[in-house]
Amino acid sequence: MCEILRLAFAAVFVLVVIITIPTKSMGADKEYGQYLSAECNACHAPSKKSGAGIPSLNGKPVPYLVSALLQYKNKSRKNAVMQMIAGRLDSEQINALAAYFSSLGK
Amino acid sequence: MKKISRRQFTNAAALGLGALAIPNIAVGAKPKVVVVGGGAGGATAARYVAKDSKGAVDVTLIEASKRYYTCFYSNLYLGGLRNYGSIGHNYYGLAVNNGVNVVHDWAASVDAQNKRVKLASGSSVSYDRLILSPGIDFKYDSVPGYSAEVQSKMPHAWKSGTQTQLLKRQVLNMRKGGNFVIVPPTNPYRCPPGPYERVSMVAHLLKANNPKAKIIILDPKPKFSKQGLFMDGWERHYPGMIDWVDPGAHGGIKNVDGNKMEIKTDLDTFKADAASVIPAQKAGAIALAAGVNDGDWCPVNPNSMASKADSNIYVLGDASVAKSMPKSGFSANSQAKVAANAVRGELTGSKVFPARYSNTCWSLIATDDGIKVGASYKAGEKKIDVVSKFISKKGESAETRKTTYEESIDWYNGMTADMFS
Ligand SMILES: Cc1cc2nc3c(=O)[nH]c(=O)nc-3n(C[C@H](O)[C@H](O)[C@H](O)COP(=O)(O)OP(=O)(O)OC[C@H]3O[C@@H](n4cnc5c(N)ncnc54)[C@H](O)[C@@H]3O)c2cc1C
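So the sequence lines, in the order shown, correspond to chains A and B.
Every letter in the first sequence is one number past the one before it in my numbering, and letter 60, counting from 1, is 60.
Every letter in the second sequence is one number past the one before it in my numbering, and letter 412, counting from 1, is 1412.
One or more of the hints may lead you astray.
[Claimed, not checked] Only pairs whose alpha carbons sit at most 30 Å apart, straight line, appear in this in silico DSSO-like list of lysine-lysine:
#, chain 1, residue 1, chain 2, residue 2
1, B, K1221, A, K106
2, B, K1159, B, K1066
3, B, K1115, B, K1032
4, B, K1389, A, K30
5, B, K1159, A, K73
6, B, K1221, B, K1351
7, B, K1382, A, K73
[What the hints assert, rightly or not] A few chain B residues that face chain A, going by a derived Cβ cut-off under 8 Å, partial list only:
#, residue
8, M1261
9, T1367
10, D1369
Note that these hints are calculated values from the structure, not bench results.
We put the CB at the ideal spot given by N, CA and C, even for glycine.
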């Protein structure tokens, strides 16, 4: 009984997250994503210019970008620069950035 | 009937409504941003204001040179790891891709009252907001005996250009087993690890061409950026070649003589076969001419980079007091984006987001042995405060050091694309 309730609760929670994140990051947050992305542009060049050391982010899928940023943030993926950069991004900022970069052409 | 142009009309309207201080957005005139200096700060600021305002703001960039040779990576040119052409960039992308009005001229003075910049050619440009990123000028007399004349004998090579090429020629022409002497500048100066990366790259060049040569660092400072990492690297790659002499040991630089190639200190007179003397620095002349300086540098508001002396003027990069950020190209580029966002907000009503800054300085000790130091920052009450920071560690694997160097190559490409594309 208790288990079923918990499962149902979790399902609703996941649904809410799925519904709210994309709508939020598509609309108003585009401008925010663009502003935040300026910091990234110092190192992440558009695909034509980037090499082995720093990959291009343009056109990468949202979940790919979100999970990479979360891994740097929780330090499970190693890189001093990216741990510093991701360390201060909150989830709203991560979503805005992912939506922005994935919307750019490769 | 004579047709009234839109500009004439809006100017007339602005005159009539001037007393009400209605912002440009209301009257429909295109607001004007003038940027002086097309380097790390200025080129970025011009590009971001133009690109993000999508034609709603007129952007004019005043830059003396037709080609910008980056100081970043100029040490790698000294070391033989880059050719000179590869660190030169032009202003084509700013003009053609972003619609920036690029004017190659010298900004001679600023009439802040009437919001005009006077050019050496005699023309002038008016602005609603002025962004100054002129970089540095030298305080030649900070090193007794040094001058604009002596700089051809003992190049500072601290603004990129012919000085860097001259220095390289002089190092290559050194007598076998001769001395290269470097005098780093006093704080604060552009690129804190720069002199020590220069030592590393000169050592790299000499190791291949003149392995018995010696490098002597006559430092006016008791410690320096990434000191432990550099000294560890020098020990590993260039054992016995480099002597760092701190001010406690040499007692101060008493005189430099470009004809005799001698540097006199309390300790001794050092004979140089080639030398690089880097004097103390101050904000570029136009920032002082605009009157936005307090002493040698220009104080700014940490949340926007607007001058504390004149809210229509922004100061970026080396010329500003952006404590706790170091004077670096990365910092200037980061500050330019905060300023561009604030300037657009003031002139077009676009949304202004909270300032966030970052910096990373990579240095190369030897082939594939790269180190880095960096931090992220936010606007504090009185200054720009550190959020978090990192630095490379002694004893890192060769693979990590190689990856660090590879990152810097991509950063160079990313950064210059971010300035000029
Ligand atoms: C050897 C060395 C290595 C370095 N390495 C690095 C590094 O690895 N990473 C890093 O981030 N930084 C590095 N730097 C520091 C970096 O070069 C500077 O901090 C950066 O260029 C500062 O940018 P800025 O916009 O303030 O000035 P600048 O980039 O110097 O730009 C100023 C521009 O303004 C123009 N100008 C000035 N006055 C006028 C006027 N009145 N009218 C018209 N034009 C004018 C000049 O021609 C120039 O193009 C290094 C510096 C040196 C010397």
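Here is how each hint holds up against the structure:
1. B/K1221 with A/K106: Violated, because 48 Å separates the two Cα atoms, which is more than 30 Å.
2. B/K1159 with B/K1066: Roughly 15 Å separates the two Cα atoms, so the pair holds.
3. B/K1115 with B/K1032: Holds - the C-alpha atoms of B/K1032 and B/K1115 are around 10 Å apart, at most 30 Å.
4. B/K1389 with A/K30: holds (28 Å)
5. B/K1159 with A/K73: The hint is violated at about 38 Å.
6. B/K1221 with B/K1351: violated (44 Å)
7. B/K1382 with A/K73: OK: B/K1382 and A/K73 at ~28 Å, within 30 Å.
8. M1261: violated (40 Å)
9. T1367: At about 15 Å, which exceeds the 8 Å cut-off, the nearest Cβ of chain A leaves the hint on B/T1367 violated.
10. D1369: violated (15 Å)
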